[in-house]
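Undergrad: Sequence:
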Amino acid sequence: MQKSHEEHIESVEAQATADPRATDTSQQYDEAETRRILRKVDIRLVPALTVMYLLAFIDRSNIGNAKVAGMNQDLGLTGAQYNIALTVFFIPYALFEVPCNVILKLTKPSLWLPSIVLTWGVVLTCMGLVKNFEGLVVARFFLGVAEAGFFPGATYLLTIWYKRYEVQTRMIIFFAGASLSGAFSGLLAFAIQHMDGVAGLGGWAWIFILEGIATVFVALPLYWLLPDSPATASFLTEEEKRFLILRLENETGSSRGRVTNDDKISGRHVLDALKDWRIYIAVIIYWGNSIGVYAFAFTIPTVIRELGYSAANAQLLTIPIYVCAMICATVASIASDRQQNRSSYIIGGCAAASLGFIALLASPKPELPGLTYGFIFLAASGLYSFIVPTICWIGNNMAPSSKRAVGMAALISGGNLGGIIGSNIFLENEQPRYWTGYGFCLGILVCSIISTLVLRWAYHRENIERDNMSEESRAAVSERELMELGDRSPYFRYVL
1 MQKSHEEHIE SVEAQATADP RATDTSQQYD EAETRRILRK VDIRLVPALT VMYLLAFIDR
61 SNIGNAKVAG MNQDLGLTGA QYNIALTVFF IPYALFEVPC NVILKLTKPS LWLPSIVLTW
121 GVVLTCMGLV KNFEGLVVAR FFLGVAEAGF FPGATYLLTI WYKRYEVQTR MIIFFAGASL
181 SGAFSGLLAF AIQHMDGVAG LGGWAWIFIL EGIATVFVAL PLYWLLPDSP ATASFLTEEE
241 KRFLILRLEN ETGSSRGRVT NDDKISGRHV LDALKDWRIY IAVIIYWGNS IGVYAFAFTI
301 PTVIRELGYS AANAQLLTIP IYVCAMICAT VASIASDRQQ NRSSYIIGGC AAASLGFIAL
361 LASPKPELPG LTYGFIFLAA SGLYSFIVPT ICWIGNNMAP SSKRAVGMAA LISGGNLGGI
421 IGSNIFLENE QPRYWTGYGF CLGILVCSII STLVLRWAYH RENIERDNMS EESRAAVSER
481 ELMELGDRSP YFRYVL
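According to UniProt numbering, numbering within the sequence shown proceeds without interruption in unit steps and concludes at 496.
Check the hints yourself; a few may be wrong.
Claimed, not checked - In the SDA-like style, the derived pairs of lysine to any residue whose C-alpha atoms are separated by at most 25 Å in a straight line are:
no.: 1; residue 1: Lys108; residue 2: Leu307
no.: 2; residue 1: Lys264; residue 2: Ile160
no.: 3; residue 1: Lys365; residue 2: Leu307
no.: 4; residue 1: Lys264; residue 2: Arg278
no.: 5; residue 1: Lys275; residue 2: Leu38
no.: 6; residue 1: Lys131; residue 2: Lys108
no.: 7; residue 1: Lys163; residue 2: Leu38
no.: 8; residue 1: Lys108; residue 2: Arg268
no.: 9; residue 1: Lys264; residue 2: Arg247
no.: 10; residue 1: Lys365; residue 2: Phe440
no.: 11; residue 1: Lys365; residue 2: Leu38
no.: 12; residue 1: Lys108; residue 2: Arg44
no.: 13; residue 1: Lys163; residue 2: Arg338
no.: 14; residue 1: Lys365; residue 2: Pro320
no.: 15; residue 1: Lys275; residue 2: Ile91
no.: 16; residue 1: Lys163; residue 2: Ile173
no.: 17; residue 1: Lys163; residue 2: Asp30
Bear in mind the hints are in silico, worked out from the structure with no lab data behind them.
Generate the whole structure from the sequences, applying the supplied hints.
TA: Okay, structure coming up:
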């Protein structure tokens, strides 16, 4: 009789934990063989997540391109109504992220994540058919519901495949999709808006419809392509599965003790995560990114147009900004993994973005448009450089996997509330200076730097206390209890 999905996972992971030959297997793979196995995982997992996130960010932010293409005029929107349409997305988007990751743990990624993509593709397609402000608000609300589970689910999925100083290099590859989405979105919008009048619809409507249909078609093969976990990966041999499971169980930061990705989620895990005060400090760091990034995504095409460029050229001129931001974010994340440091790179990204916003506040507008355009590069590059280290910092420092799933979702949920602020700080009556928008982004970045220093101090203090624990105190805890303690284990060391 064929084993069920759950029984198969338990069988493989039990062998990896208990079978002496499995322990030997973890030792027989040298560095070259380890890289070979990880490449197999990379090829199967990372491209799928990259495409999904590229679509996610395009589909939530293309409303900025639609505005430039004439949406506000056709729907009769005022500036305040446009900001409301931006804002309403983030309310369900933030509220449903934690429940979505709980569902992910109760089901499996290959079922849950493609279903999310399929749903938001359908919603976006329908957005192209709205006729008034009310219809746009309803569509944006349900787009927020549909997209809520993807980003926390995708970032969590990476943590059950890679060690703590491997995961960020992979995460930045798929997160680069967010940076590239600005470039693709501008390029697509530039081409699609020329369909204005086709079937009686505006060019802005075709932006939503065609990009929504493309998302639906991408979602369908993901049900078969997206892998769930090392224990069930059909593209790995049994020895390779056990090897991946063991190397992650032994990843405690102290070369002693164990953690687990095999835990079944319970109310205790949810409460443990939600009671961890360090998540809420990290939310402030996240706001430094989310407020600025969403404000940029929705406003930068308009800002560039106000420098004297045509609507079509404003779409195209967003492309180099996002390409540059992607390159900077990728370099910073890879360096963070190699140097095994998170906090320094978070502070560096915040500092660079702060300098960019100071320069934008000081630059004359619309005079010297080239200078203002250049300062946008600096601000965007800094903003995109520190969000992945922030997410990985919390993910690296939470165990077991159920607590990590909830904790990462709570971080992203709270952090994405910044999108509500970012949607409302660039005020039309302040154009082209945007004192409130640039000033608020600068202020929250300063708060992010302070929060990073506080969080680093807290993790460092806890590591020192555990280093000073007596061996008798550690020995009093059983192996099973150590696994259940997760990041509270005396052998667990926090990443700085």
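Undergrad: Give a verdict on every hint.
TA: We went through each hint and held it up to the structure:
| no. | hint | verdict |
| --- | --- | --- |
| 1 | Lys108 <-> Leu307 | violated (48 Å) |
| 2 | Lys264 <-> Ile160 | holds (14 Å) |
| 3 | Lys365 <-> Leu307 | holds (7 Å) |
| 4 | Lys264 <-> Arg278 | holds (23 Å) |
| 5 | Lys275 <-> Leu38 | violated (34 Å) |
| 6 | Lys131 <-> Lys108 | violated (38 Å) |
| 7 | Lys163 <-> Leu38 | holds (11 Å) |
| 8 | Lys108 <-> Arg268 | holds (20 Å) |
| 9 | Lys264 <-> Arg247 | holds (20 Å) |
| 10 | Lys365 <-> Phe440 | holds (18 Å) |
| 11 | Lys365 <-> Leu38 | violated (49 Å) |
| 12 | Lys108 <-> Arg44 | holds (16 Å) |
| 13 | Lys163 <-> Arg338 | holds (12 Å) |
| 14 | Lys365 <-> Pro320 | holds (20 Å) |
| 15 | Lys275 <-> Ile91 | holds (22 Å) |
| 16 | Lys163 <-> Ile173 | holds (16 Å) |
| 17 | Lys163 <-> Asp30 | holds (16 Å) |
In summary, the structure is inconsistent with hints 1, 5, 6, 11 from the numbered list given earlier, while agreeing with the others.
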